[in-house]
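Asks: Those protein sequence lines, which keep their order, are chains R and Y. Start counting the first sequence at 1; every next residue gets the next number (this note's numbering). Start counting the second sequence at 1001; every next residue gets the next number (this note's numbering).
Please note that the accuracy of each hint is not assured.
What the hints assert, rightly or not - With a Cα cut of at most 25 Å, we get these calculated DSS-like pairs of lysine-lysine:
#1 Lys493(R) with Lys1075(Y)
#2 Lys34(R) with Lys493(R)
#3 Lys469(R) with Lys1154(Y)
#4 Lys387(R) with Lys1170(Y)
#5 Lys1154(Y) with Lys398(R)
#6 Lys34(R) with Lys1041(Y)
#7 Lys387(R) with Lys1041(Y)
#8 Lys390(R) with Lys1170(Y)
The set of hints was computed from the structure by calculation and includes no laboratory data.
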Amino acid sequence: MTEDLHNDIDDLFRSGLEGKEDTPSPGVWSAIEKALPPAPAPLPPASSAPPAVGGSTSTIIFKGLIGAAVVAIIGTATYLFSSNKNEANTSAGNQPTTEKTAIKVPVNTDPPVSSTEHQERKPSASDEPQAADNEVASRATLRPESDHDARPSANPENQTALKSQETRAFTEKLSVKSEDKQESGRSVSSIDITNALTIRNSVPIFKAAKTANPRRGVDLVPSKRNSETAILQSSLPSANNTANSSLSEWKVARTNALIERKGNTLSSSISTPTTIPYSVIPFLGRISSTETSGPADKSEAAKLKRNNWTSRIYLIPMVSLNMTTMHVEENKSFGPRIGREHIEFKETEQTKTTVSPGIMAGFAISPRISVQTGISEYRNNISVSPKQIKAVRDRDGKVRYRMDCSSGSYFLDPKAGTTPTVGDSLRISSSEIRMRYVTIPLSVRVNFGNDKVKIFATAGTDFNVLAGKQTSTSLSPASGEKVNPVRTEGTRKQYLNGTVGAGIEIKAGKRLGIMLMPQYRFPMGNMNEDGPVLTYPKTFSVTSGVRIGF
Amino acid sequence: MQLSMEERSTSLLDNLELLIRSCLAGERQAQNRLYERFAPKLFVVCQRYAASRVEAEEILQEGFIRIFTHLDQFKHEGSFEGWMRRIIVNCALQRLGSKARMTPVVAMEENFHGGAEENDAHSRLGQKELMQLIQQLPPAYRMVFNLYVFEGMKHREIAETLGISEGTSKSNLSDARAILQKEVLKRQEPAMPK
Chain R
1 MTEDLHNDID DLFRSGLEGK EDTPSPGVWS AIEKALPPAP APLPPASSAP
51 PAVGGSTSTI IFKGLIGAAV VAIIGTATYL FSSNKNEANT SAGNQPTTEK
101 TAIKVPVNTD PPVSSTEHQE RKPSASDEPQ AADNEVASRA TLRPESDHDA
151 RPSANPENQT ALKSQETRAF TEKLSVKSED KQESGRSVSS IDITNALTIR
201 NSVPIFKAAK TANPRRGVDL VPSKRNSETA ILQSSLPSAN NTANSSLSEW
251 KVARTNALIE RKGNTLSSSI STPTTIPYSV IPFLGRISST ETSGPADKSE
301 AAKLKRNNWT SRIYLIPMVS LNMTTMHVEE NKSFGPRIGR EHIEFKETEQ
351 TKTTVSPGIM AGFAISPRIS VQTGISEYRN NISVSPKQIK AVRDRDGKVR
401 YRMDCSSGSY FLDPKAGTTP TVGDSLRISS SEIRMRYVTI PLSVRVNFGN
451 DKVKIFATAG TDFNVLAGKQ TSTSLSPASG EKVNPVRTEG TRKQYLNGTV
501 GAGIEIKAGK RLGIMLMPQY RFPMGNMNED GPVLTYPKTF SVTSGVRIGF
Chain Y
1001 MQLSMEERST SLLDNLELLI RSCLAGERQA QNRLYERFAP KLFVVCQRYA
1051 ASRVEAEEIL QEGFIRIFTH LDQFKHEGSF EGWMRRIIVN CALQRLGSKA
1101 RMTPVVAMEE NFHGGAEEND AHSRLGQKEL MQLIQQLPPA YRMVFNLYVF
1151 EGMKHREIAE TLGISEGTSK SNLSDARAIL QKEVLKRQEP AMPK
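Go ahead and model the full structure; you've got the sequences and the hints to work with.
Replies: Okay, structure coming up:
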């Protein structure tokens, strides 16, 4: 009787209010409109309505990270490559060329100084070191043309100065010196560019030297033994013709430097159509030159050798042992919720240790720094303890038993028993959830130590894409039935995590190295969505692999 | 070929998926269309949980803001209306949650002061009267009654949702029913032959 009355009351209100409509006051929409972010520009055609934009926060973070990583990698690679380019080329071989070289440096000063005056400061080209060793760096010296014909071959001071320069294996220096002298009413101006580029032979690129000639400039021709061809054209403005003009005020009105090395893949050109201050010249010299080692500098030679080894691409087939823990937080933006799911999941779910294979490819952009990417598998196996599940309506309106887990919600349709109604409960004895992700890592590796034993540190991100999911749920032992979910909700198809790790690599051969690396994967986004909890997997991995260099 | 504004509006109303996508793109017109389409139904839900029409409008406003800002989380896998309704109900529960704890459950006679003049018969109790009866329930009773009768939840689920014991849920529902039944009967009396 009482039950009937209760049902009557329930039905009275249900039938009287369910599905009814009432119009709120217009002020509600106005308030909503004010609270929403500003509307973008006009509507596009309906036929080409854009897909969902915006995305979740993790998607935005991911895009930002990828963008930042790409910019950082390109920037680093560009910088390091520009530094190492010539270095790599110096070991690539030596193909002498006899390309014509013309360097004209018109200097707008007073008539040229006599060759004798210039010889006091410039060593003779014949005193330059001869190409006996391929690893010797050279110096390129731009000197007045007349110096070539009238060099002081027997000047002891010049020879001493020259030899002291030759003993320096690395003399990358672009110096512009000006000595303004007034002698017999003439001003003297000369430009020395030392070691504007380096070649394997200790042969100067520019052998000619001339006294600056304001009218015809300075013509420089390449050495016959030069393996490089260089064209450097430099002109100075005519604004400062006075003998006392300061070099710091000079500007190069046009500088074109072209360095070509046919057959040896060295080609670099610099073209600056606008005025360039002299302070830029050392930088230009850096681009067109490189620090190489001579035979006298063993440490530099060793460095060069090491560079060659680490500049290779390498592969690391690897196996990881993963120990995952689930960090579960309450999802406050979710609709009706129990509010204690995160505690319940922690109590009823256990993650298992998994083994996953993978392969990593790396490119060493410097002896110490490598960029690595690849593909690997990540498995997340969760075991669910016995728990009570309830029948609810899914999004399609069908009543099914729903098993809520940290990784999502699983809707079960047991064959045994009657069709459930909303609110019915069922006890499961256990459940196994196996998720398989394809992981694409992107990381930077920094090496320490020597060639044989390297200690390294890595940092980067993993992009995890859900590749498979298997769930097997055992109902109460009485029924003995095992069911698979007919529907899964709330598991994200991809998520992002960051990685930090450190390891050791022991060189086991010319191309092989054995690697062991503990690594920690920390979450950068939740692996589930639209559920009462947000789940963040944290994984400690131990990865071992073999590095194969190419 | 581009659709005219009128054709486009019609198309938006006809195609819910298109409407949702347009809302995701931040199109104000589409958001307004969505609001106009679903607000009347959801407003009734809000009124059931609220104590007054004004409070219901506040819940509706908060709920729609949450709907628009979390629209990207809807996966087009189930009922969109159901998804929106869950958000609205959650907003209402959050709003009433603290109120229910602060407001003591009072006796029916003390709490029921309005609507006494509405002496319609049971059969003639309309939407407005029924809504008024629910709104005059104490917040704790109102929430339990709504969750049980309209959301189809069981006492254990209600207890977990509201953070109360199952016994309290049953007790609150029973009391709510008793209050409502008494009020309904009271309004039936004038119409019943003596």
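Asks: With reference to the structure, classify each hint as holding or not holding.
Replies: A quick look at each hint next to the structure:
For the suggested pair Lys493(R) and Lys1075(Y), the alpha carbons sit about 12 Å apart, so the restraint of at most 25 Å is met. Between Lys34(R) and Lys493(R) the CA atoms are separated by roughly 34 Å; this puts the pair beyond 25 Å, and the hint is violated. Among the hinted pairs, Lys469(R) with Lys1154(Y) is inconsistent with the structure: their alpha-carbon atoms are about 31 Å apart, more than 25 Å. Of the pairs offered as hints, the one joining Lys387(R) and Lys1170(Y) holds, with about 23 Å between alpha carbons and a cut-off of 25 Å not exceeded.
Only pairs whose Cα atoms come within 25 Å are accepted, and Lys1154(Y) paired with Lys398(R) is accepted, the gap being roughly 17 Å. For the suggested pair Lys34(R) and Lys1041(Y), the alpha carbons sit about 22 Å apart, so the restraint of at most 25 Å is met. A distance of roughly 36 Å separates the Cα atoms of Lys387(R) and Lys1041(Y); the hinted pair therefore is violated under the 25 Å criterion. Distance hint between Lys390(R) and Lys1170(Y) is fulfilled; the C-alpha atoms sit about 18 Å from each other, no more than 25 Å.
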